[in-house]
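Undergrad: Take a look at the letters that make up each chain.
Protein chains: 4
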Amino acid sequence: MAKKRKALQSKKSGAAKARPSAELQAVIDDLVIGNRVLYAQDVVDGYGHISARHPHHPDRFLMSRARAPGLVVAADIMEFGLDGELIAADERPIYSERFIHSEVYKARPDVNAVVHSHSPTVVPFSVTQVPLRPIRASFFYPEVPVFDTRAAAGWTNLLISNSALGQALARTLGQNSVALLRGHGNVVVAPNVRMVVYRAIYTEANAKLLLQAKMLGGPITYLAPEEAALMEKSQGRHRPGHGSDRTWEMWKQEALARTGKLR
Amino acid sequence: MAKKRKALQSKKSGAAKARPSAELQAVIDDLVIGNRVLYAQDVVDGYGHISARHPHHPDRFLMSRARAPGLVVAADIMEFGLDGELIAADERPIYSERFIHSEVYKARPDVNAVVHSHSPTVVPFSVTQVPLRPIRASFFYPEVPVFDTRAAAGWTNLLISNSALGQALARTLGQNSVALLRGHGNVVVAPNVRMVVYRAIYTEANAKLLLQAKMLGGPITYLAPEEAALMEKSQGRHRPGHGSDRTWEMWKQEALARTGKLR
Amino acid sequence: MAKKRKALQSKKSGAAKARPSAELQAVIDDLVIGNRVLYAQDVVDGYGHISARHPHHPDRFLMSRARAPGLVVAADIMEFGLDGELIAADERPIYSERFIHSEVYKARPDVNAVVHSHSPTVVPFSVTQVPLRPIRASFFYPEVPVFDTRAAAGWTNLLISNSALGQALARTLGQNSVALLRGHGNVVVAPNVRMVVYRAIYTEANAKLLLQAKMLGGPITYLAPEEAALMEKSQGRHRPGHGSDRTWEMWKQEALARTGKLR
Amino acid sequence: MAKKRKALQSKKSGAAKARPSAELQAVIDDLVIGNRVLYAQDVVDGYGHISARHPHHPDRFLMSRARAPGLVVAADIMEFGLDGELIAADERPIYSERFIHSEVYKARPDVNAVVHSHSPTVVPFSVTQVPLRPIRASFFYPEVPVFDTRAAAGWTNLLISNSALGQALARTLGQNSVALLRGHGNVVVAPNVRMVVYRAIYTEANAKLLLQAKMLGGPITYLAPEEAALMEKSQGRHRPGHGSDRTWEMWKQEALARTGKLR
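Just so you know, the protein sequences line up as chains Z, Y, R and A, in that order. The working numbering numbers the first residue of the first sequence as 1 and each following residue consecutively. The working numbering numbers the first residue of the second sequence as 1 and each following residue consecutively. The working numbering numbers the first residue of the third sequence as 1 and each following residue consecutively. The working numbering numbers the first residue of the fourth sequence as 1 and each following residue consecutively.
Rather than coming from a laboratory, the hints here were simulated on the basis of the structure. Any given hint might turn out to be false.
Stated by the list, open to error - Pair by pair, the computed Cβ-Cβ distance ranges are:
no.	chain 1	residue 1	chain 2	residue 2	range
1	R	Ser96	A	Gln25	27 to 35 Å
2	A	Val73	Z	Ala74	25 to 33 Å
3	Y	Glu91	Z	Trp155	48 to 56 Å
4	Z	Ala74	R	Leu262	36 to 44 Å
5	Z	Gln129	R	Leu256	42 to 50 Å
6	Z	Gln129	A	Gly174	36 to 44 Å
7	A	Arg19	R	Asp83	47 to 55 Å
8	Z	Ser96	R	Leu256	39 to 47 Å
Glycine included, each C-beta is placed from N, C-alpha and C at the ideal position.
Assemble the whole structure, with the sequences as input and the hints as a guide.
TA: In structure tokens, the structure reads:
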């Protein structure tokens with residue numbers, strides 16, 4: 001027992017002593033800002049979370065301890081394995097729904113960032129028969145499937161709080177960028193943190209546009225798959241000052257104004 | 001007469017001199033923050049109020065003097081008996097609708113906190129035939145009944161300004177957590193202050209979700225009673241960093257930023 | 001000519017020299033705060049205006065020079081006669097729609113404060129056939145009529161920019177508290193400034209409630225005239241800490257936080 | 001090659017050394033404020049842009065480098081020719097959709113300011129068959145046409161990123177003040193910066209009004225062309241303290257409060 005405790009302790013202090021690489025620090029910083037931005041942009045409320053795959057260990061991911069996203073700071077960021085387990089011992093509470101993240105990282109080697117939110121205008125699409133189709137959101141192709149815990153596991157409290165549910169959700173997500181969780185929220189994935197924050201924000205925005213288009217009535221001209229593919233190609237190429245780069249600076253400034261300086 | 005005045009005075013100065021227990025102080029603090037949060041979250045406007053059962057005297061409850069919730073401070077908190085009467089003499093104005101609170105505390109020994117609000121997206125449900133059913137709000141079971149002063153007492157100014165109306169409302173509320181007041185607002189109850197604030201906020205949120213789901217049209221998948229029961233069980237267990245604990249820190253910070261420091 | 005200029009000058013400097021009575025100062029202060037509050041509450045945008053009948057001269061009213069309500073300060077307040085004329089010479093621009101106010105003061109001896117706004121959720125009711133009926137707004141009785149410049153005067157730029165149009169509007173308003181101006185906004189009247197601000201804010205709020213009730217569909221339970229009459233009676237009696245008194249403190253604090261200190 | 005580099009360098013340093021005329025400085029200042037205002041008023045998000053024709057060179061226009069409008073400062077403003085080319089060499093990123101502006105300035109000698117935005121309530125009108133007609137927006141006449149890149153150029157990423165697309169858009173805009181871009185946003189034009197900001201804001205406002213009027217159902221009374229013509233005539237005459245003059249002061253103050261001081 002003593003040996004085990006010692007091993008855990010040295011792992012924890014080891015992680016504390018090792019200075020993060022510049023790449024790791026950049027991901028941690030984006031993760032912290034991403035939490036604040038998602039809250040300031042009203043995509044997450046006190047719940048919801050964002051994670052990033054560890055840049056040096058593809059079998060680990062980084063996420064805050066269980067805390068409201070609007071309050072997350074760098075010291076909150078923890079490391080998890082792909083079974084949802086903590087890498088270093090830590091007494092602070094952790095998100096019960098970390099399995100949303102761990103199972104996506106297992107199933108999707110192309111994904112390096114994940115958001116789970118209760119995006120308010122998205123939830124109505126998760127409980128009706130109206131598909132969430134793209135007006136402007138080019139990453140909605142091939143589709144935005146709906147995952148229902150009821151179909152996957154009967155009566156639950158809706159939380160994706162174990163690997164089995166996480167795997168079922170990841171199966172529903174498939175190769176898509178967004179999946180809805182019935183009566184609950186959504187999961188959004190992307191190749192990096194800034195892109196996943198952008199996608200989470202524009203998923204909510206597209207839901208608003210579609211709701212209003214439905215209110216106007218009549219036929220709706222959706223984004224064509226061909227158009228979406230061309231838009232995704234532009235977004236994919238990193239061009240400083242364009243795409244998610246242009247908005248990050250502004251979102252960060254507004255988020256820190258609303259939620260307070262990072263300590 | 002002189003004896004009575006002296007008795008009242010000594011009761012008042014007695015209350016002032018006795019230092020609140022840690023438990024009482026915690027309830028008072030939550031009550032003050034709760035007022036500010038409900039206002040900052042746009043659940044109450046300049047009206048509406050929140051109360052808590054006295055932790056040491058189950059036949060008393062604590063509530064601010066008549067003041068806009070966004071301005072309440074600790075010195076505003078007064079003590080009332082379950083007939084809506086002031087415990088200690090006080091010349092400051094008191095809420096005419098304190099009977100919403102007093103009669104609920106009489107009828108519901110399980111309830112220790114009550115909110116009355118004019119929650120904006122909830123009121124339309126109180127004047128139409130569309131039941132306020134749960135999309136995400138697990139505490140909407142068994143149901144959200146609608147109380148109408150017209151049925152209870154004919155023509156009134158809609159205010160629950162006496163015991164008889166308070167009792168009629170409490171009868172309509174029954175064992176539920178939320179009841180609507182036609183053309184007026186709602187009452188929300190819970191076992192403690194943080195939970196009642198959480199429920200008041202998520203009642204408004206669920207009303208928004210349901211309104212939007214109705215706008216999309218077609219069948220709606222509501223939360224099943226079985227699912228709600230499991231969610232309520234999780235919420236019931238106090239788990240630090242989870243449930244209403246996670247949001248309180250953030251809500252408090254935002255509320256104080258919007259409404260000003262507590263004096 | 002020189003005599004006239006001198007007379008005007010002495011009237012102006014006279015007005016400047018005479019110290020306002022406490023009653024007049026109170027009205028001016030409420031007018032300035034009322035401007036800020038209406039803007040902070042999103043009832044007026046950069047346009048719209050609020051006036052008060054002069055407490056000592058019933059044939060005059062007080063209103064800001066032409067300025068966005070969110071910026072009005074005490075030095076902006078001017079005096080007008082009931083033909084819309086300036087009492088003292090002043091080179092600063094004045095509202096072209098001051099005739100909304102002057103003609104109401106002529107027609108309604110019971111009215112001492114008037115708001116004209118482009119209240120955003122109210123305008124849709126002015127261009128459709130759906131009457132703006134009371135869900136919570138007890139001052140909507142007897143009714144909320146719609147005034148159309150087209151019916152009154154054929155093709156115009158919609159502005160009530162002369163006495164004739166002001167009189168036509170006042171005739172449509174009749175004994176009501178609110179009238180809509182088609183495709184433009186509304187006029188709201190009351191016995192004092194704090195009440196007219198309250199009514200302007202709750203006209204917008206009731207419009208939102210009714211719009212949402214319409215979206216839910218089915219029959220709507222409106223406030224009964226009997227209930228409204230009882231509510232108006234309560235509002236009429238000035239009770240410190242209740243009615244518009246309770247909200248004024250909070251609205252003023254928020255308005256000054258948003259629009260800046262009064263200079 | 002050396003000669004060319006020297007020539008470019010001297011052009012750049014020349015532009016830097018030459019002090020802007022008072023008229024040019026005024027346009028640059030309005031452009032910077034206009035960017036901030038459009039963002040603070042939620043007409044543009046992190047994208048969108050505003051430009052002004054050079055007051056001394058009708059074959060040039062001024063616009064920020066590629067940057068979120070909420071962050072633009074005077075040093076960001078660049079000069080472009082009507083083929084969308086930079087006048088002075090500059091390594092900072094430029095808006096790929098500058099051709100929206102250049103081609104409008106070519107086609108419309110009466111236009112001196114252009115806004116491109118993703119105005120949120122306007123986009124639903126661009127993807128449905130409901131024409132964006134005027135409730136209050138007098139500048140919507142003759143009409144608000146919809147431009148679709150699909151019709152003009154088949155499958156694209158929707159960006160107006162070359163002259164050909166810019167010309168096609170300008171042809172659709174014709175002599176109108178507003179045109180919608182399907183599934184994307186809109187372009188708004190005017191004789192000066194303050195007017196184009198006003199129009200962009202009130203295009204969004206009118207879209208909201210029309211959406212709500214549609215939700216109420218039944219016949220809608222639109223602004224008549226005769227009324228609009230009279231309103232436009234008033235707006236056209238510059239009257240200090242009226243029209244867009246009245247709102248500019250307030251919008252500027254709010255925008256700087258939200259987006260930060262100009263450095």
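Undergrad: Against the structure shown, which of the earlier numbered hints fail to hold, in ascending order?
TA: none
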